[in-house]
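Trainee: Residue strings, one per chain:
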Amino acid sequence: MRHTITVRVNGVEERHEVDANQTLLSFLRDTLNLTGAKQGCNEGECGSCMVLLDGKAVNGCLTLAAELDGHEVATIEGLGQAGALHPLQSAFLKHHAVQCGFCTPGVVMTSLALLQENPKPTELQLKTALAGNLCRCTGYRQILDAIQDAAKTMRAQSKRRTA
Amino acid sequence: MSQTKIVGTSVPRVDGLEKVTGAALYTGDLKFPRMLYAEVVRSPHAHAKVLAVRVDKALKVPGVRAVATGRDFPFHTGIYMRDQTIFAIDRVRFVGDPVAALAAETPEAAHEAAQLVEVDYEPLPAILDVVEGIKPGAPLVHPDLGKYYVESFITPKPGTNICNHLKVRKGDYEGALAKCAHVFENTFTVPQVQHVPMEPHISVARVDLSGKVEVHTSAQSPFTVRHLLCHCFNLPHGDVEVVVPTVGGGFGGKAGINLEPIAVALAMKAPGRPVRVAATRAEEFYATVVRQGLTATLVTGVDKKNKVQAQKMYYLWDCGGYGGYGVNVVRAAGYTCGGAYHFPNVWGDSIGVYTNKPVGSAYRGFGMQEIHWALEQQMDRVAHELRIDPVEFRLLNCLGPKKTTVTGQLLEKSSGRVDKCIEKVDEVLKLRARGKKKPFHGKGIACAVKAPAMPNNAASSVIMKFAEDEMLEILISGIDIGQGLATVAAQYAAEALDLPMERIRVRMRPRTDFSPYDWQTVASRQTWATGNAVLRGCEDLKRQLFEVGAQALGAPVSRLELKDRKVIDKKTKKSVPLAAIVVGYQFPDGHTIGGPVATSAHHVPDGLLFLHPETSQCSKPVAKWTFGAQGVELTVDPETGNLRIERLVACYDVGKVVNPGLIKGQTFGGIVQGVGTGVMEELVIDGKDGRPRNASLMDYKIPTALDIPDKMEAFYVETPQLDGPLGARGIGEHTMIPTPAAIANALYDACGIRIDSMPITAEKVLKALKEKQRREKEGEDVQPAAASVAKVRPPARATRREAGRERPGGVRARRGRAK
Ligand code: FES
Ligand code: FES
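The listed protein sequences correspond, in order, to chains A and B.
Residue 163 is where the first sequence ends in our numbering, and the numbering goes up by one at each step.
Residue 1819 is where the second sequence ends in our numbering, and the numbering goes up by one at each step.
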């Protein structure tokens, strides 16, 4: 069975035919060639496929593309680019929170969802939010520090915006 | 050492931008037109004869384009020992051993076809326990062991399951033991564990109609992959190109050669079509490679002054079905068998044993975490038994300048200082100067040492060239698997040529057709080897720039300096910008001198010698040692058995900190990986049928953000390494070596229990606590210091009698008698 879906991905409307069993992750990687989200296990256990679905962090490998009709997806590719990085991205660079980088897109998207919901998380809230994102390289410390630093920048930014 | 400007600072990663934007391309992100997808047919048996492989039904599945079996490709592979064929031919040796593979237009078609491959097996008795495997008369995993090609420094024993045996004989162990006031013997075990890189193994191969082979692969060592592929398929090196895109973690699991031969074999059957072989997460656990298991028995003889005089080490390694890479872990563990200690009299045996389990290979630390699990707990036990402080005891017995290693190598001032690392950890954690002890709260320490395990001629090289805009390009073939090699290489060049980091581009995704040779990215050798090559290359670039600059400025070379992107005459202060020299300098009248400025440079370890074949004595067996220590502070929950690691303090003598941000990342990452193997990780292989019982991330847990120590602190001693680039030595692997033992020692300090078998799970802790309570109730002698199960006894006659006998089973035999 094939379904036609219309979905906004990083602000761009996409209309595609998808197989009933195609995952969101495969839709992004294979259909749209957005390879930022990674496949580390394809069974919901590693978090390297995390993207935002209507602002909430979801495992791309556990979500079906057919269910995306009318929804909005955000991936690392829509976050920032050279010269215009998102505070999370800049903080990851500053804190050396990236090693092999395979987990990075997923970790960044998960933390983005958290900070949008909770701009000032405690260390424990942060660790809990990240518990579904495995990183084998960094030992997480510099990632946690980077996210807290980015949270500060984001709070200052939103204060400036509302002021 | 002169002041440095860029080396020693936390410049951001040069590959950071592409990684935080999702732009970095890993092998699985590459699209190849008309790519085929592979599925591997793997053995469900731990040990069996392969009687027949029938593929006719599989070939009928629509979309199937190629199938490959053992009989099509009867070629051997393996880095140190060629004991493995691409697909099993007449025998499978572990659950997961490849038997055949298919390539199809879609992964689904390949999967369907794989189910239709019919294999007739005749099951054989399986060796699923290393102690069984070494028994005389045990079924042989490799009856043809005597026929394999083996590197000269690997010594298998045909007719047994021993794939390598390294002996260390230093001084007079037997005589010294007889004179010791105390003798301790304990056995420790380590299970097989998996690397769990976040990016599973993946390779894409294409063979074109002219026969040229191109392989894109997630690997640590493109040139070694090429070399072994050429050997395996009997191809000239010029016909095989290996390309390594961004790699999502390796930890040793992507060293040597892995899925590449399967991809190439299939590609040969479907000329012109790229074939992609990707391990599923489950295959990653049991069918790629694992860390070897270890059973270690140690005997320690101590004199009246608390000095260890005699030390015996008996290491039995569970190498799994093939020894290709693991045999060298056995060797490294042998010549490092005494860890960070000075033992005057040593009897060491490191023995690799084939079993019918997943294949052992390199894993961050290359055997060192495993042997330190045994050594560092043993030292702690001995200290407690002798009622001296474990820190004191370590300082009294550790290696240092003028001490000799187990191979008799005399250490120098520049070899690094473990004593300083111990003292730093002690100072920070207040191990000796502690106040009153809280119940179930403890502190412990463990030391670490490791040398690069590599052939004596392992080389690295770089190509350095200026672009027209005087951007310096550095081509390296060491792989940045996350450790930060590309950044470090740029830092060294920036330092040596006084260039800003932005003026340097490191070309870090090698293609063997164009890139400089590099042996492998393993052994914590890249900062040291590639760093040295870069510094040497900079010297030559400078020479070329000065040669032209001298003519341009009309000044002798001796008056020139390179600064701020200019060649400057120190006397007249006249200068010429680099941009005017790097592709040739043109005089005002139009005539041109010089030309594009470029060079290549290499590094090969200096003066390494082979070990003595019978005793392993050798004055320089390895290029360098890196020493360190870690201390742990934890609380035990007596209800659940859970450990809460409150503080973890690490200190290493790294020679020179090249980039504080990166080295912290290496240290924290290693610590947490060490916590993983220390308290939660074990690849469970069923003792009856050899099948993996936890081959998923659901069942095989690795640390999450919630599992890290509450506080991690990293310190570094900088005793310059004489042949290190600006004094630096390796650190990547060392950071996970002592962690499990330090946790175990802190656990003992907290509640008087010892866990000899890694990992220290909550279940084991609870069980040991209960056992301790029971014994206390029954009024057994369990004063804190004697709670250890170590056997304390005077040197028995039996000890003296058998210690001198040349027999691998020596320790076991003796334990039998002692009972
Ligand atoms: S790929 Fe989705 S959780 Fe691992
Ligand atoms: S940086 Fe490698 S897995 Fe996180």
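A couple of the hints might just be wrong.
As the list claims (entries may be wrong) - Keeping only pairs whose Cα atoms sit at most 16 Å apart, straight-line, the calculated EDC-like set for lysine to aspartate or glutamate is: (1) A:Lys127 x A:Asp145; (2) A:Lys127 x B:Asp1710; (3) B:Lys1005 x B:Asp1756; (4) A:Lys94 x B:Glu1018; (5) B:Lys1566 x B:Asp1710; (6) B:Lys1304 x B:Glu1385; (7) A:Lys127 x A:Asp149; (8) B:Lys1767 x B:Asp1564; (9) B:Lys1711 x A:Asp30; (10) B:Lys1563 x B:Glu1639; (11) B:Lys1711 x A:Glu13; (12) B:Lys1049 x B:Asp1090; (13) B:Lys1571 x B:Asp1589; (14) A:Lys127 x B:Glu1778; (15) B:Lys1413 x B:Asp1723; (16) B:Lys1305 x B:Glu1283; (17) B:Lys1701 x B:Glu1682; (18) B:Lys1574 x B:Asp1564; (19) B:Lys1031 x A:Asp30; (20) B:Lys1770 x B:Asp1637; (21) B:Lys1701 x A:Asp30.
Hint data in this document are derived by calculation from the structure and do not stem from the laboratory.
Trainee: Evaluate each hint against the coordinates.
Mentor: Quick rundown of the hints versus the structure:
1. A:Lys127 x A:Asp145: 11 Å, holds
2. A:Lys127 x B:Asp1710: 11 Å, holds
3. B:Lys1005 x B:Asp1756: 47 Å, violated
4. A:Lys94 x B:Glu1018: This hinted pair holds, its Cα atoms lying about 14 Å apart.
5. B:Lys1566 x B:Asp1710: 49 Å, violated
6. B:Lys1304 x B:Glu1385: 13 Å, holds
7. A:Lys127 x A:Asp149: 15 Å, holds
8. B:Lys1767 x B:Asp1564: At roughly 66 Å apart (the allowed maximum being 16 Å), B:Asp1564 and B:Lys1767 break the hint.
9. B:Lys1711 x A:Asp30: Given that 16 Å is the threshold and the Cα spacing comes to 41 Å, the pair is violated.
10. B:Lys1563 x B:Glu1639: At roughly 65 Å apart (the allowed maximum being 16 Å), B:Glu1639 and B:Lys1563 break the hint.
11. B:Lys1711 x A:Glu13: 46 Å, violated
12. B:Lys1049 x B:Asp1090: Holds, at roughly 6 Å.
13. B:Lys1571 x B:Asp1589: With Cα atoms ~25 Å apart, B:Lys1571 and B:Asp1589 exceed 16 Å; violated.
14. A:Lys127 x B:Glu1778: Cα-Cα ~44 Å, so violated.
15. B:Lys1413 x B:Asp1723: Holds, at about 13 Å.
16. B:Lys1305 x B:Glu1283: 53 Å, violated
17. B:Lys1701 x B:Glu1682: 9 Å, holds
18. B:Lys1574 x B:Asp1564: 13 Å, holds
19. B:Lys1031 x A:Asp30: At roughly 9 Å apart (the allowed maximum being 16 Å), A:Asp30 and B:Lys1031 satisfy the hint.
20. B:Lys1770 x B:Asp1637: Holds, at about 13 Å.
21. B:Lys1701 x A:Asp30: Measuring from Cα to Cα gives roughly 29 Å; hence the hint is violated.
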